[in-house]
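Q: Residue numbers (this note's numbering), protein chains in the order written: chain A, 1 to 334; chain B, 335 to 666.
Accuracy of the hints is not assured; some may be wrong.
What the hints assert, rightly or not - Rough simulated footprint, nothing fancy, chain B against chain A, three-plus residues with beta-carbon under 8 Å:
(1) 81-88
(2) 152-164
(3) 175-187
To be verified - Here are the simulated BS3-like cross-link-like pairs (lysine-lysine), alpha carbons at most 25 Å apart as the crow flies:
(4) Lys367(B) x Lys589(B)
(5) Lys168(A) x Lys523(B)
(6) Lys666(B) x Lys589(B)
(7) Lys367(B) x Lys168(A)
(8) Lys4(A) x Lys168(A)
Claimed, not checked - Only part of the chain B face toward chain A is listed, based on derived beta-carbon distances under 8 Å:
(9) Ala392
(10) Ser395
(11) Ala400
(12) Leu405
(13) Phe424
(14) Arg433
(15) Arg435
(16) Pro474
(17) Asp618
(18) Ser622
(19) Pro626
Keep in mind the hints are simulated off the structure, nothing from the lab.
Note that this is a predicted model, so its numbers are computed, not measured.
Glycine is no exception: its CB is placed at the ideal position from the N, C-alpha and C atoms.
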Amino acid sequence: MSEKDADLLTRLERIFRISLGARRLDERLWVLVRAGKGPFIISGQGHEVPQGIITSFLQPTDWLVPYYRSTCAVLTKGMTPTDVMLHFFARAGDPSSGGRQMPSHFGDAEKRIVSGSSVIATQLLHAVGIAHARTLLGAQEIVVVFFGDGATSEGDFHEALNWAGIHKLPVVFVCENNGYAISVTQREQMAIRNIANRARGYGIYGVSLDGTDVEGIAHEAQKACKRAREGEGPTLIEVRVPRLAAHSSDDDQRKYRSDHELSKEALRDPLAALERFLRVRGIVNDATEAALEQEIASGLLAAEQEAEQSPTPDPATIGENVYLKEGSDAANAS
Amino acid sequence: MQQTLLEAVHDALELEMARDTRIVVFGEDVGKKGGVFLATHGLQERFGNTRVFNTPLAESSIVGCAIGMALGGLIPVAEIQFADFIHPAFNQIVSEAARMRYRSNGTFGVPMVIRTPYGGGVHGGLHHSQSIEVFYAHVPGLKVVVPRDSYTAKGLLASAIRDPDPVIFLEPKKIYRAKDPFIYKEVCKDAYTLPLGNAEVIQEGADVTVIAYGAMLFECWKATQTLAKEISIEIIDLQTLRPLDATTVLQSVQKTGRALVVHEDNMFCGYGAEIAAEISEDPDTFTSLAAPIVRLAAPEVPAAPYSKALEEAFMPNAEKIVRAIKELAYWK
Ligand SMILES: Cc1ncc(C[n+]2csc(CCOP(=O)(O)OP(=O)(O)O)c2C)c(N)n1
């Protein structure tokens, strides 16, 4: 049932390219914040590879319900670094929100990336509702929703798993467990270690993985998506990942995490693990990596310049899109 | 045929569901039982249990999943069993449903209706009597609609279901089954719509304007009957609390120079405050005032108490409205 080795390697190579691009993009955004070009970012460093691998199993007609750390997931689903930069600079052409939401609040109706808010865990119910609707309408589509470990304390997490379990909906719930909700540790958040165990309480399948286990993630993601597509119901996948940067550009994690902990954390970087995996198999080497870095750097520079030079929203448009204008078409893809 | 408000709600649901297969109805007990008030009676039998179904007892789920269903191409009509229990869904309604179109710059929308029985005078105590309208009327992105009788219930609910944006449809449960001709109206068997965002002058008059919505209109109407020989009273049914049709209110008050707002929600920051502000801010209306604006509302207690004596003290009624109108009409 697992992918053929060659297919898996092709997939992982693609995800390596996207993940490294996401990492460099993220690093660049930190620089831009420090340079005063934007007030805020939320970083996905350490989370990229599992996001990318899992999202890579989605078809264009499938739905991605991201959260604020989902940069790599949205890039995998087809958004571009320029889209992310337009969002960061809050430009009129920002496809996520036209400059209305803070950075890292992704959305793109055409790519079926659902607009999210800042409110933790609300999106899980949206994912379930979308899956419910698409199933009822006879579409063979699945929904993947991402969230953090802190989100699992919210009622909406439990309610979403419960509803998805009752109706056996095609949803893959992905908890990116980085051990922290800002500064609150997992031990302070819950009495259990293995978040995937929550799945059993809702009659659904759950699995816990390490973020460096790139083969395992691909295997379980493929299984979960297949189960969803075949009407066998939802899955909760927990991926343990490091949070390599602070919670956000407004946070300094050295205040609540020791140097020792942070340096140990850096050794669990899934991106480094994926690189090793591909190097051992001869798919990545110094030359290919140098070329890739070069390609990413020039792409990023172009994206940044294009976004920075593009127009800011016209203040006169502040009142638009509160309601659908009379006479225009309903806005939803269906 | 004459119908109760409840029957009209039921028929609007049934006719809309027959018209558009994307419409789904769900909530606690709405399936086989047909809802605790029977608003969805027989719908599951007719449309099947995928289009009409019971949900878990979880209001945030009901609204959160409705949002997802709307994003996924359905038209959800969710029932919250009592408005008093909508609060767990406040987050989903205000942070999510109301903002989806705005925050996505118009690329996602949430066409959905949340129906819920609301209001007091039913011996429901603190947790089966609440008026919740202003929590939601405050929020751009939502529409808030309240019918006064069977005729408006049927037409407004059909419009709410056909609206591309989220609508909170508040059903005044005190008059659900009322057989008084003011509420038990002649209703056409076929589907029809009444526009959202329009207030209606339901009785013309020259001396005083009385502004209300929902179950309070019946009380206002009874009061005007008592005063018919003495004072000429214009009654306005707001029907939609957001967006407000201020023009109808302002035109009437410019004519009468005297305005009374009645609601069973408490007064402080209640809907009457908005009406008073609209009147005061419009120069033509403000300068035509012959008396201060009067608000008649429930007292400043957290919700309607249970005991009959206390509940009667809580609820505005025709008698209290008569007194308020007189005071206003004879103010110098
Ligand atoms: C409902 C809600 N409460 C609080 C916050 C403030 N807040 C933003 S992110 C965050 C931590 C979330 O942690 P987790 O779900 O583990 O995700 P992570 O950021 O670690 O990826 C908090 C408390 C919020 N956005 N929403």
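Q: Give a verdict on every hint.
A: Status of the hints after comparison with the structure:
1. Taking a C-beta to C-beta cut-off of 8 Å, the region 81-88 of chain A contributes 0 residues in contact with chain B, too few for the three needed, and the coverage statement is violated.
2. Counting residues of the region 152-164 of chain A whose beta carbon lies closer than 8 Å to any beta carbon of chain B gives 6, which meets the minimum of three for the stated coverage.
3. Taking a C-beta to C-beta cut-off of 8 Å, the region 175-187 of chain A contributes 0 residues in contact with chain B, too few for the three needed, and the coverage statement is violated.
4. A hinted pair counts as satisfied when its Cα atoms are at most 25 Å apart, and Lys367(B) with Lys589(B) does not qualify at roughly 50 Å.
5. Using a Cα cut-off of 25 Å, the hinted pair Lys168(A) and Lys523(B) is violated, with the two alpha carbons roughly 39 Å apart.
6. For the hint linking Lys666(B) to Lys589(B), the alpha-carbon distance of about 17 Å falls within 25 Å, and the restraint holds.
7. Simply put, Lys367(B) and Lys168(A) have alpha-carbon atoms about 24 Å apart, close enough for the 25 Å limit, and the pair holds.
8. The suggested pairing of Lys4(A) with Lys168(A) is violated, with an alpha-carbon distance near 28 Å, which exceeds 25 Å.
9. The beta carbon of Ala392(B) comes within 5 Å of a beta carbon in chain A, closer than 8 Å, and the hint placing it at the interface holds.
10. Interface restraint check for Ser395(B): the shortest CB-CB distance to chain A comes to about 4 Å, inside 8 Å, so the restraint holds.
11. Below 8 Å, beta-carbon pairs count as interface contacts, and Ala400(B) has one with chain A at about 6 Å; its hint therefore holds.
12. The interface hint given for Leu405(B) is met, as the beta carbon of that residue sits about 5 Å from the closest beta carbon of chain A, less than 8 Å.
13. For Phe424(B), the interface hint is violated, since its Cβ never comes within 8 Å of a Cβ in chain A; the closest pair sits about 11 Å apart.
14. At a threshold of 8 Å, the smallest CB-CB gap from Arg433(B) to chain A is about 7 Å, leaving the interface hint in force.
15. Given the 8 Å rule on beta carbons, the hint for Arg435(B) holds: about 5 Å separates it from the nearest Cβ of chain A.
16. At its closest, the beta carbon of Pro474(B) sits 5 Å from a beta carbon of chain A; the interface hint therefore holds under the 8 Å criterion.
17. For Asp618(B), the interface hint is violated, since its Cβ never comes within 8 Å of a Cβ in chain A; the closest pair sits about 24 Å apart.
18. Because the closest C-beta pair between Ser622(B) and chain A is about 29 Å apart, greater than 8 Å, the hint is violated.
19. Below 8 Å, beta-carbon pairs count as interface contacts, and Pro626(B) has none with chain A, the closest being about 33 Å; its hint is therefore violated.
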